[in-house]
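Visitor: Listed below, chain by chain, are the residues.
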Amino acid sequence: MDALLFLVFAAIAVGCAINLVLQTHPISSALSLVGVMGSLAVLYLLLGGEFLAAVQLIVYAGAIMVLFTFVIMLLNAGAEKKPSRKVLSTAVALPLLFTLAGIGAYFAATQTPSADVVKFGAFTAGPLEIGRALFTRYLLPFEVTSVLILIAILGAIVLARKEI
Amino acid sequence: MDFYLITLVKMALTAIVLLTCCAYAVWVERKVLAHIQLRPGPYFVGPHGLLQPLADLIKLLTKEGIVPSHVNPFFYLIAPFLAVTLGLTSIVVIPFTPPFEVLGHQVALGLTDLNIGVLFILAISGLGVYGIAIGGWASNNKYSLMGSLRSSAQMVSYELPLALAIAAPLLSINSLNFRQIVNAQEGFAFGIIPHWSIFAGPVPQILSFLIFITAAFAETNRVPFDLPEAESELVAGFHTEYSSMMFASFFMAEYANIITICCVATALFLGGWHPLWPSAYGSDLVPVVLLAGAGLMLLFHAVHAARRRTWDRFSFPVFGLLFLGLAPLFLIPVLKPVLIPFFWFVAKAGFLVFVFIWIRGTLPRFRYDQLMRFAWTFLFPLAVANLLVTGLVVALTGN
Chain A
0 MDALLFLVFA
10 AIAVGCAINL
20 VLQTHPISSA
30 LSLVGVMGSL
40 AVLYLLLGGE
50 FLAAVQLIVY
60 AGAIMVLFTF
70 VIMLLNAGAE
80 KKPSRKVLST
90 AVALPLLFTL
100 AGIGAYFAAT
110 QTPSADVVKF
120 GAFTAGPLEI
130 GRALFTRYLL
140 PFEVTSVLIL
150 IAILGAIVLA
160 RKEI
Chain B
0 MDFYLITLVK
10 MALTAIVLLT
20 CCAYAVWVER
30 KVLAHIQLRP
40 GPYFVGPHGL
50 LQPLADLIKL
60 LTKEGIVPSH
70 VNPFFYLIAP
80 FLAVTLGLTS
90 IVVIPFTPPF
100 EVLGHQVALG
110 LTDLNIGVLF
120 ILAISGLGVY
130 GIAIGGWASN
140 NKYSLMGSLR
150 SSAQMVSYEL
160 PLALAIAAPL
170 LSINSLNFRQ
180 IVNAQEGFAF
190 GIIPHWSIFA
200 GPVPQILSFL
210 IFITAAFAET
220 NRVPFDLPEA
230 ESELVAGFHT
240 EYSSMMFASF
250 FMAEYANIIT
260 ICCVATALFL
270 GGWHPLWPSA
280 YGSDLVPVVL
290 LAGAGLMLLF
300 HAVHAARRRT
310 WDRFSFPVFG
320 LLFLGLAPLF
330 LIPVLKPVLI
340 PFFWFVAKAG
350 FLVFVFIWIR
360 GTLPRFRYDQ
370 LMRFAWTFLF
380 PLAVANLLVT
390 GLVVALTGN
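Line order of the protein sequences matches chains A and B.
Heads up: the first sequence runs through residues 0 to 163, numbered per numbering that gives the first Met the number 0.
Heads up: the second sequence runs through residues 0 to 398, numbered per numbering that gives the first Met the number 0.
Source of the hints: derived by calculation from the structure; they are not laboratory data.
Be aware that a few hints might be false.
Said to hold, decoys possible - Simulated DEER-style distance windows between Cβ atoms: (1) B:TYR23 with A:ILE63: 34 to 44 Å; (2) B:LEU4 with A:ALA2: 18 to 28 Å; (3) A:LEU158 with B:ALA107: 36 to 46 Å; (4) B:ALA384 with A:LEU158: 28 to 38 Å; (5) A:LEU138 with B:LEU60: 53 to 63 Å.
Because the structure is a prediction, the values reported are computed rather than measured.
All C-beta atoms in this analysis are idealised placements derived from N, C-alpha and C, irrespective of residue type, glycine included.
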């Protein structure tokens, strides 16, 4: 049952990701990304990370992507024009893409630890353990990330003010 | 296999009960609004309009579902589906009664018991905005688009105070599971004041309850925050182009969201199924007295009808006897551990639904800039301050 659900939602995640690139309309792409986030949340759930799954949905699908769709709707961005596809570029790009994917798969297979570590439902840490880890062991990376986001926000404001 | 079968039956039952509640919430809303405005409200379909939801359903089902020519058909069709699915989903984590024994099995009313129930509610309500946003955008109509833009901005803004208001009582309860949250609110201080989140704890959470309810009005797009469907400015807002069952789906989703958020408020702040005062002082008798009183009043009016209408001659005695028959059920010892907690839960959630309707009948609508300023400059800082104070007190008292 777990393996079946994993396959289904992994397929949905990959399908949505491909759809994200193929769609010409920004709204379709944004909603495909929401699909990817949702299927990733289900994969976290299958691994036992209930808290991570919920946070994934709240933060990415519920907040960030809503803002994305909001901006796309506000600017009323239309479908982008597809550049006319040259046969030559396709003929060169496809083999290159497969080579890249092959190299990536090779490194992923050799460099990552064996798959025995990952088991369905093996991750039992709840909000308590995650919170404790964030505020003790990973406190510095956690705070540095928040400062980084703050800098990004300030930068965005400065850039936007110049425009006005 | 048994597990799947039982779960399926429970899901079907929950869906049927919730949909019926939605339909009758519409009836109650129309009746209450009408009485606030000194009108009788729906009156002619069934006794006192009781069959009006059924008539509305038949009307909406048999209407032609129009897909206008200028819309984006895929998103136009998927939006109401998304809205109603997400609206009906989040009720699954609410526990309605404590566990009780039936034929040797421990059961409890409530579909599932997630460890992260509170986060699940937040996640589903965060996704709920997509139904409205996509629907308004796909309609390809300026009023719909304005409605859905307002809705996304409003829901993202009010989600922050909502989540912060939820976090404050959780600091002292220390759990995200609704059943544990309700269990933590059992008991009475000084033998009389209930140990609910809004009264008890190191800091009484009455302020975060008020913030939660205010943000809940915005999350469910209700008056005074119903800007996405402000009919004086936007025709009907995000659902202008929808008809038939697709319109009804948005409608159902709105009422399902109201019912769910009232249940969440009941479980988080109002002690879930725990009574208002100890059963030693007779709180178990409240449902009996209420039902018997209502039954006797209906029978009295059946005899001395002020304005005798055809329906009333039958409906008053029938409903009076029905209520009188229901009242003793709450005295049977076997049924008591189920019915009494269920009564208290439904009474509190029902009162909150009534408050939602009451406010709709009383308050005017906000202006859009006022709405945003209210969220960011008043509600959000207030929620943060409340969370900080609660956190400080909880840390000092060493809970």
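Visitor: Quick one: are TYR23 of chain B and ILE63 of chain A within 34 to 44 Å, going by C-beta?
Guide: holds, 38 Å
Visitor: Please test the hint of 18 to 28 Å on the beta carbon pair from LEU4 of chain B and ALA2 of chain A.
Guide: holds, 22 Å
Visitor: Mind checking the hinted window 36 to 46 Å against the Cβ distance between LEU158 of chain A and ALA107 of chain B?
Guide: Distance hint for LEU158 of chain A, ALA107 of chain B is violated at roughly 55 Å.
Visitor: Could you see if the CB distance from ALA384 of chain B to LEU158 of chain A stays within 28 to 38 Å?
Guide: holds, 32 Å
Visitor: If you check the beta carbons of LEU138 of chain A and LEU60 of chain B, does the distance land in 53 to 63 Å?
Guide: Cβ of LEU138 of chain A to Cβ of LEU60 of chain B: about 58 Å, so the range 53 to 63 Å holds.
The structure is inconsistent with hint 3 alone, although it conforms to all the rest.
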